[in-house]
Every structure is written in structure tokens, then in C-alpha cells.
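K.L.:
Start from the sequences and build out the full structure, keeping to the hints where you can.
There are 2 protein chains.
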Amino acid sequence: MKLVTGGICAAKGFTANGIHCGIRKNRTKKDLSLIFSQVPAHAAAVYTTNLVKGAPLTVTKLHLQDGVAQAVICNSGNANTCNADGIEIAEKMSAATADALGIRADDIVVASTGVIGQPLDLAPIVGGIPQLVAGLSGDGSDAAAEGIMTTDTVKKEVAVEFELDGKTCRIGGIAKGSGMIHPNMATMLVFITTDAAISSDMLQKALSGDIANTFNMISIDGDTSTNDMVTVLANGLAGNTEITQEGEDFSAFMQALNTVTVALCRMIAGDGEGATKLLECRVQGALDEPTAKTVAKSVICSSLLKAAMFGADANWGRVLCAIGYSGAQVDVNKVGVSFRSNKGTVTVCQNGAGVEFSEEQAKEILLEKEIEILVTLGDGTADAVAWGCDLTYDYVKINGDYRT
Amino acid sequence: MKLVTGGICAAKGFTANGIHCGIRKNRTKKDLSLIFSQVPAHAAAVYTTNLVKGAPLTVTKLHLQDGVAQAVICNSGNANTCNADGIEIAEKMSAATADALGIRADDIVVASTGVIGQPLDLAPIVGGIPQLVAGLSGDGSDAAAEGIMTTDTVKKEVAVEFELDGKTCRIGGIAKGSGMIHPNMATMLVFITTDAAISSDMLQKALSGDIANTFNMISIDGDTSTNDMVTVLANGLAGNTEITQEGEDFSAFMQALNTVTVALCRMIAGDGEGATKLLECRVQGALDEPTAKTVAKSVICSSLLKAAMFGADANWGRVLCAIGYSGAQVDVNKVGVSFRSNKGTVTVCQNGAGVEFSEEQAKEILLEKEIEILVTLGDGTADAVAWGCDLTYDYVKINGDYRT
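Heads up: the sequence lines are chains R and D, in that order. When the letters of the first sequence are read in order and numbered with my numbering, they come out as residues 7 to 410. When the letters of the second sequence are read in order and numbered with my numbering, they come out as residues 7 to 410.
None of these hints come from the bench; they were simulated from the model. Only true hints are included.
Distance condition first, Cα-Cα at most 27 angstroms in a straight line; then the derived BS3-like pairs of lysine-lysine:
#1 K67/R x K211/R
#2 K31/D x K403/D
#3 K375/D x K403/D
#4 K35/D x K98/D
#5 K340/D x K98/R
#6 K211/D x K8/D
#7 K369/D x K31/R
#8 K340/D x K67/R
#9 K375/D x K403/R
#10 K98/R x K67/R
#11 K98/D x K67/D
#12 K403/R x K369/D
#13 K369/R x K403/R
#14 K375/D x K349/D
#15 K98/R x K31/R
#16 K173/R x K8/R
#17 K403/D x K403/R
#18 K369/R x K31/D
#19 K403/D x K375/R
#20 K98/R x K35/R
#21 K340/R x K369/R
#22 K349/D x K403/R
#23 K403/D x K35/D
#24 K173/D x K211/D
#25 K349/R x K369/R
#26 K375/R x K349/R
#27 K8/R x K375/R
#28 K211/R x K173/R
#29 K403/D x K349/R
#30 K375/D x K8/D
#31 K35/R x K403/R
#32 K369/D x K340/D
#33 K31/D x K98/D
#34 K67/D x K340/R
#35 K403/R x K375/R
#36 K403/D x K369/R
So the derived label-pair ranges between C-beta atoms look like this:
#37 G333/R x V74/D: 32 to 38 angstroms
#38 K35/R x S214/D: 51 to 57 angstroms
#39 G133/D x L373/R: 36 to 42 angstroms
#40 G386/R x D294/D: 35 to 41 angstroms
Virtual Cβ for every residue (Gly too), placed ideally from N, Cα, C.
P.N.:
What follows is the structure, given as C-alpha cells:
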């Protein structure tokens, strides 16, 4: 397996584009993206667990009932959520896209991200679709990745190449992070494309299995958005024998998918609102996986720890505190904590109590941009990783700003 | 029932004091407090649910097994938590206090708040106890309230007077809020005194019942401290017939206790680290009380909403979002949201969708220091209240600062 360029257009048969259509006032900011597969693709998706769901999710769910899709249309600047006519708008957005592409409306994945509770004006979208379709290209991943950005400061795309059945396959993805746009609601959107041949059922199985260890292990601020969605389209153009059951090929596919999703997770967490650091909490020695995950997420979600990491403060007491209230059954007298970065590793706690360490060395380690928080529980062999970011002045600034 | 002055010394037979003994370097900051009842009192307590518990909690639990206590000793500046010799230190701190007061060591409630994982030096405490005891007075509530403060910006005390059985009774309390002291771990400590006569069992029942609706409904930052503790001493000097079962007297006692605890809750939440506003979320029309509580706490804990309140931004979508991910089963299409303060009330959402409102009026309402977030669920008759505060630059500043 190797990293390749091209993002969501790295896989055969996929083109993409992103434009400014006019949902946003700022003309330099793209606000409408399209991903297109030249043939209908098997499709799978996972959605937010928030009871308040964006209308596009309801429509996408309906469209994916047959496990097939051929295009993704996504706007930024307005989440089309908590609007009386949201479903109708999302259906019309799908229909306009399908018309322009000459495909079925129920083969469209539709998504929106931005402010919630404000009517989404269909006019700029319908007006922009012809230009969007005309500009579809194999180099369009960048533009599409830009069109879904909100408060993201960097565009997020990645692609890998691997082999299945002697055939070269690719998986690529773009994402927008859990950010608020001024003045809007956070959303995580991830669109993945692959030319591997895999049945809808196995694609859904791969995605659902993967997100439990990836996108469900990220936290920026503990808020679960109304519009979160991860979709995969698999168009089969790589020519491998279709994966229809578990086995070596499925494992290889899962591994490639995981490489893409972990890379996107790290990009999303590291680009959390106002973040200056990517935090990665690695829990080892847990009794079982649920325990490891609960502990890792509790640590990564602690506002106190996140603020300490912003201050490059090796305040391990906050790690122990977060483990203690996580709800996981752990023996706190066996807990060990270390901090690691490119500058080295410093152990700060063993057997639940502090150990002597150099504050200077700890500071040097914690001033880096990517910090690992290593927790050992000493209870078993299960492990887990969670990703997050530090809590900064800018998080407050971005989210405290008035909407209008 | 009426508010009275005197805090924890308002009830008959209680004296208190607070001094600087030298745990803190800053000599102007008190760091050791004592509360004393002239006769042994019935006692009840509730403790943090964090698996990582401060050593003083373990010792206090042991001392309260017989339901009797006569004094509370509490230092700030060091939490005596995650130290190898913590229990021994807490026992010695109790013993020194008991010796100086001429009472039993197991009638001492011992508490500590401050940095965790650093050895607590007993010398300044033992050295300070004679002065602390010598200065005990009926006017000492203020000094005691100051001695337990960490990042608190205001001292927190309250007392009420009420009647039981024709006798005048009083309940008073002091608290320190969920703050971090530079460079320390958050802790909520509440000490309540009363001259009402009530059995230990009924006192514990009253306290446990009350905190479910009060101290368990506050959130500053979602972190549950290792040292949280609420204790009540009831010395019976009011001369009422001892409350030994439920009934009218118990209800009157509960009501007075609740007045004290709600006042302290509001003080703690409003003085949350870096807070500029007290937030009170009132949920009405829930199917049952657990649902009402879950929704109220989820709203009050949302970092996004807390930041919006800092910015005086009527971003009701964040309220809906927090309700949606709370885990409570609610029909989001029936949810209503209003914001209320001294400047009036503005309804921003009805039936799960936005309604027209004046942004100017909303801004005026939200610029106040105390904001109520009113949520109606339309599913039943249960309600709940939760208290919190806004998320500000100063929260990040206080908690991002380096410990040394």
C-alpha cells in the first residue's frame, strides 16, 4: 500500500469539482461541490446519531436504500437543518444535480453544512449546477475539498493505492472538519471513493466497522453535529473480483480504507476549531476494547486537559482525573501516563502516582504540534486510540462570535 | 423562611475561622479553614464519583461511619490526592485538629483542595492549627469561606432561617467552586451547618435527595473532580424534636436545605472559571424527570452553546443540537426554546424550527449576567433545572497556564 495523489479522483472513473455558486457572500470561498462516478457505484454511509438530523441526511438515506449511488452533491454555508421545507429542498437539489448529469435522482448523495435553522435558498445551487457539472475533472478533488470547507483552515484529502486480486485499486477521501462556520453549526462530512469492486453489503460492513475505531474516536468539543455523514462510493472499475464476503481481500480493503480514514481523522482533529495541536491518546493494557475506548475518549474530551495541552503543561493529574470519571472500571493504582512527541517521551505517572520528571524536557515535548498521550492500564491487552485537539482562545473566539 | 447573615455560623453553636498557614506562598491568601460545633453533631456527606479520589475523602468517609462529627478542617493549595502517603497525612491533619479542639479524631471531617500529585507538607498545617482554633468565632464564616477558595473570585456563603416544631432553626453553608487554582485540579467543596435536630439517617437522606437536583446539576466544564465533597453537620441546638422520619418537619427541612444548596449552586456556576455569565437551563414538559435532567445537563454542558452565550449570540441551533445528542428520547419536532433575562424573554424556536425574532432584542437579553435557557419538550409534565456558565477566553487562560 502506498500514498498517492488525486484525493477522491485517484480511483478510476471518478471526477469532481467545486465552485462558488453564491450561498456564501464571500466570492473567493467555494460553496458547492460535486463528485461523480462514470458508472453507478455501490454505496454505503453512516450518519450522525443526533436526534436532530439535517434534512439532507433523511434524503440521502432514502436514496441509498438500494445500495447504489453515482454522485455526491454538497453545499457549504447552510446546513438545511431545522427548516420546515428542508426535505423538499434537499430533494430538489438532488433532482437538479441528477438532471444535469443525466442520472437517476435517487442515485444522488446530498449533503449540506453550515448554519442551521435558516432557509436554504435553492436558486444559487440550481444556477451553479451547470457550471459545476461542466467543470468536472480528474483533477477536481482539490476544488471539491475546498467547496465543503467551513471553518477548516486546511483542505483535507488523501488517497492510497493497494492491490486486490492482482489488480491495482485506489481509495481516496475528502473531509471537512468539526468546525463552526461563522456563525454556524459544526459538521463532519467525509466522502470516500474507490474503484475496488465490493458489494454494497460488504462496503457497509467495512465502513461501519471502520468508523467505530476512527471517526467515532475523534472529539473536537464533545458536540455531535446534526449533519455528520460519511459515505463511500465503490464503482468497481479496478476490475478485481467483487468482494462479497469476509476473507483476505476484504481484510486488504479494510486496511486500505483504515489508512484513508485514520489520515482524515488526524487532519480533522489537528484542524479542530482554534486548535494549535493534534492530540492522540493511546490507551494500552485495558481489560477489553470498550474500556480502552472509553478511557481514550474521556482523556481526549477533557476541557481541562485540552487547555493544559494548549499551555504545554504536563499536568498529568488531569489525565488521571479524566480516566477516573470516564465510567470505565480501571484500577487507578496501576495507571501510567507518558507524553510523547517528535522531541521524545516523558513518563509523568506510574502506578497512579507522580514520578520525578524534568519539567524542561516535558515542556519541550509538549511545545510540538503533535502530542501523544500514552496511558497504560495494566489490566489486560486491549488498546484504543482517540484523536482530539487543544482548547484555545481561538476556539472561544470562533464560537463566541455573533452570527450576523 | 428568610435569608439571614452569618453563613456557617448562623446556626446555633457553630464557630469558624480561616487563616493563612503557609501552604500557599502568597501570604495574603488564606489556606486553612476550620468549622467547629460546640457539641457533637449528626453528619452526612456525599462524595465525588471519580474513581480517583483524594485521600481526605477516604479518611472522612471512615470518620463519618458512625454518623457523627464535630469539626471540619480544610486546606486549599494542595488536594492531597495521588500521593503515596495521602491517607497518613489526612489522618495526621485530623488528629492535630482533634487534639487542639479536645475532641475525637474520628469526629473530624477533613478536606483538601488544590494541585494533585504533589506531597502535602503537614508542617504549616500543624503549625497553624493553634492560631486557627484560638481564632474560632461566631463571625468566622467569611474567613472560613475565604480559606477554601482557589480560583474562586468571590466567596460563597448563604444562610436561611425557618421553623421546625415551633423552634427557630437555621441552615448555612459555604462553598468553593469548580475552579482550578494555578496550577491545580478543580474541586467543589460545600460545608453546611444547621442547628436543627435530625437523625444521621434522615440527614443523609435529605442531602442525597437534594444534591440530585442541585450540585449534580451544575457543570462548569464537564470535568468531575477527584476531591468533590458536600457535608452537613446538624448539632440539634435549635431544640426541635429530632426528625427521625419523613413528614412535615422533614419536608420543611428539605425545603430550607434546598434554598441553601440552590443559592450555592448558582454562586458556583456563576463563578465558574473565567465565566462572565450564569446560565440556568430550565426544561419543562418532559416525559419524566430523568429525561428533563438529561436534556438540561446536555444543554448546559455544550461547549458550543457556552461559547455562544459568551458572545451573547442567540444561536438556538446549538440548543437543539445539544438536546439531540443528549441521549434522551425527545420528539425534536415539539421542542421550543426561549432565552430570558432581566431584559425580557425572546422565543427563538417552536416545534423544532426557528421563528422570527428580533436579533437586537435577543442581544440585549443575552448581554445580561444571568441568562435562563427555557426548553419546552411538549411530552409530559416533568421538569428540571441545571446551572452552568459561559466558555470564555479566561477559562482557557486559567487552565492553559503552566503549573510552575
